[in-house]
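Q: Go by the hints and put chain S onto chain Y.
Here the protein sequences line up with chains Y and S, keeping their order.
Each residue of the first sequence is one higher than the last, beginning at 15 in our numbering.
Each residue of the second sequence is one higher than the last, beginning at 33 in our numbering.
Keep in mind the hints are simulated off the structure, nothing from the lab.
Check each hint, because a few of them may be wrong.
[What the hints assert, rightly or not] Here are some chain Y residues pointing at chain S (derived, C-beta under 10 Å): (1) R83; (2) P85; (3) Y155; (4) F157; (5) E159; (6) I163; (7) G170; (8) I171; (9) L189; (10) L196.
Ideal placement from N, C-alpha and C gives every residue a C-beta, glycine not left out.
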Amino acid sequence: MNFSDNHLLSLVIWLPIIGGALVLLISGSHRPSVARWSSLLVSLLTFWVSLSLWTRFDRSGSDMQFVERQPWIDRFNIEYFLGVDGISVPLILLTTFLTIIVVIAGWRVIQTRVAQYFASFLIMEGLMIGVFCALDSILFYLFWEAMLIPMFLIIGIWGGPNRVYAAIKFFLYTLAGSLLMLVALLYLYNASQGSFDVLVFQQLPLTSSVQTLIFLAFFAAFAVKVPMVPVHTWLPDAHVEAPTGGSVILAAVTLKMGAYGFLRFAMPIAPDAAHELAWLVIGLSLIAVVYIALVALVQRDMKKLIAYSSISHMGFVTLGFFVFDTTAMTGAVVQMISHGFISAAMFLGVGVLYDRLHSREISVYGGVVKVMPMFGFFMVFFAMANAGLPGTSGFVGEFLVILGAFSVSGVYASIAALTLIVGAAYTLWMVKRVIFGGISNPDVEALKDLDCRELGVMGILALAVLLIGVWPSPLLEVMEQSIANLLAHLEITKL
Amino acid sequence: MTLAELNIGAVLPEIVVSAMACLILLVELITKPHKSCALAWPLTAVSLLVASYLSLEQLAHPLGSALNGLVVQDGVSAVLRAATCLAAAVVLFYSRAYSLERGLWRVEYLVLALFGVVGMMTMIGSSHLLTLYVGIELLALCLYGMIAMQRDSVAAAEAAMKYFILGALASGLLLYGMSLLYGLTGSLSLDQISDATLTNLAPSSLPLTLAVVMVIAGLLFKLGAAPFHMWVPDVYEGSATSTTLYLSAVPKLAAFAILLRLLISGLGGWLEIWQDVILVAAVLSIGLGNIIAIAQSNIKRMFAYSTISHMGFLLLGFSTAGELGLSAAMMYTLIYMFTTLVAFGVVLALSRPGFECDQLDDLRGLNRRNPLLALMMLVAMFSLAGIPPTAGFFAKLFVLEAALEAGFIEIVVVAILFAVVGAFYYLRIVKLMYFDDPTPHLLSASSYGYRPLVGWALGVNALLLVLMIPWMGSILNWIVASL
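Bound-form chain Y, shown alone (with noise of 0.2 Å):
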């Protein structure tokens, strides 16, 4: 056993953190390629070191993998802790995956201040590994957080026209709810009698009442993340003024933080309050899945279609973990790695798009197939995706999930299945309006297709939906013990 077998995890987490900064420092501001050139070999050399938590992790254990644990701030008892499960395992690799695409999406659109932006995707790239991976609640915290001031500043510096209001309100939005979560954990830190370890807070007997507040307060930090219902309208603003890639990793990956705290946190730790305040995360996520669908029909801006569409695809998340359902939990968690694949796919397109004409108006485009015949190709295959045509990833999340709500209520299971409708009409109507039709102004008719490099990108993302529609069991079988062993734990009362 070497460094680099014990300290995975932290390799993974660190590598880009490091790099970034040393991005930051090697090319300054006057040398753009060494950072673009830098960049991604630190991205790929992540993913590779990435690929062998892949290989390595067993799929039959129960337990948290690769731990790493030292001591760290012990008059409090705040420990360096770092775990991952069957649930972490695929999310981190997505980070590290997407964060490839996302420096090769950047590549020649990024013209100002080159360095700073990579750095800055490799320096939240670390940051939200350390989210998957951290098992001390404070780790876990403090991950959570500074993730938002690289992520605030790629939405503030290269965003669209409002960016600023946009960039203020994502940030003061998600410090509200996670600072709510701080007192939560502060809470069982007390009532753990000096624990901040995320195990130990996940088998801390508590009342009822204690329950459902520490359920609340992780819920507004939680929700927020995801988003869920009420508290989503940061989104739409920050994706539609962030850079592509800030928006791609909004979507891909941020989304999935909030997700990811509920089976990590929210509902593990409280899980009489999950059983009991289940209506509401339930009733929270069909209206999403509906009303959120029917709000991203009426879009005229692409980038907020699709935003309103990430915010309904996560309501299929909250619902299938909120049914306790075996079938269903293992879909949302698919669903997550899906959508973290279709969305970055569906803004790369719209990316695109607005590299060339500036303008992410649908009534803009019309035609668009006719000179771009492989960029129609592509978009009119992640539409299908993301409304869920089996055979790609989105038909294995969205069935499993509606599969296992009908087990537990039939009425939940039809109001979801509505989305497949609905779905189907906001992003195929898209696609109509912007791909098919007559070419629609002279603008359009002197679009050039995909380059090699955009080529590569909308294939590689592609070949990866089309992976997980038809041949799903390697990622199931990664998750399987780890969902078991969640649901087990949630079946057991704290009371």
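A: Okay, now just chain S, sitting in the frame of chain Y:
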């Protein structure tokens, strides 16, 4: 009593600094006047560093009570004295170029700063109301002088005057409280006051309550905590930025020390009288400071209100009166000082001949003009806002945790809510630096009023705010051990 029994070594750092201050005054008479402080500045720096080293050295072998019980020399005084001297040296180092350009870099200025340090060290080591008061007044007189030294500035004169009058009022309150304490206990020594209060006096006694409240009012004024905060913004704004830096960063350590000496060592037995008063002041400071800071357009005023809110957090940790809360408050003060140095250091670096960086708008587009300074300011802002991964987050975390352990759950929630409010105005600075375009008059000035060495020092200072995190546990243990 022989000289050896006096334990005069306990005040060695004070002796060094005062002797050097006198020496510097003499030396400057001999050297040529047109070379401003060519000799005085190195001597000042050396004496501060030596005093800092001597104080730290005392950490290993504390002498306890010395000079007939007038001063005490323990772990806290070693740490805080060392930090005070070091901070004063850094402050002078950062503000040198700025003061030089504005004709403030005179030997009297340095000597006043040195005597101010002596005053603070006296406050830190006091175990007697007399030493305590002498220390407070020595510091205050030096500060009045430093502010008023910019004599052609109306704002500075006004600030000095305001500070002086209100400061005298506060001293009066403090002295009145002290005299009542003396009348009640028959002693000025904090140890004897502590014994007397425990044995002889009921907490419900009106004179005792009056004395404690008077003393606390005086202390809160010196600390700049609500509701005795009125002077802070005006004085911060009116003073030259170099003086503001000195004023905002350095004396907070001594302020923490006098709270510790008076309320814990002296009146620790009467927690029930003063705990609520301190808690109310803490909540008021956090709330008022954070809300009013939003409305400011002047950097120095904004920092003044932000300081008020930080003093609230200090008081919150302090009000728990437990070992944990006190160490959290001490840690908070140290980290606050460390962060303020960066924030004001950047503001000083941005000012140059003929241009005063004092409006928030002067920070516009800093990332375009000077990305490194912008990054340092960014780190300082997030640290002040208490957002990870900066030291400021841990400072807040420790205080809140201590307060929660003491059972102040509602106050913790209120403090956290105001922290969100506070995040807004710190974010606004980040927004100005990173998202906004610089206005033309800002772009036209190409040079900055700082030297490369200062730039490096600022960089290290800012970097440490993040890089010290892995060692946060050891630092906390060290502080707990020193208490």
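Q: Each hint should be assessed against the structure and marked as holding or not.
A: Now for the hints, and whether the structure bears them out:
1. R83: 14 Å, violated
2. P85: Constraint on P85 of chain Y satisfied, holds at 7 Å.
3. Y155: 7 Å, holds
4. F157: 8 Å, holds
5. E159: 5 Å, holds
6. I163: For I163 of chain Y, the interface hint holds, since the closest Cβ of chain S sits about 6 Å away, which is under 10 Å.
7. G170: Cβ of G170 of chain Y sits 4 Å from chain S, so the hint holds.
8. I171: 6 Å, holds
9. L189: 6 Å, holds
10. L196: 7 Å, holds
In summary, the one numbered hint that this structure violates is 1.
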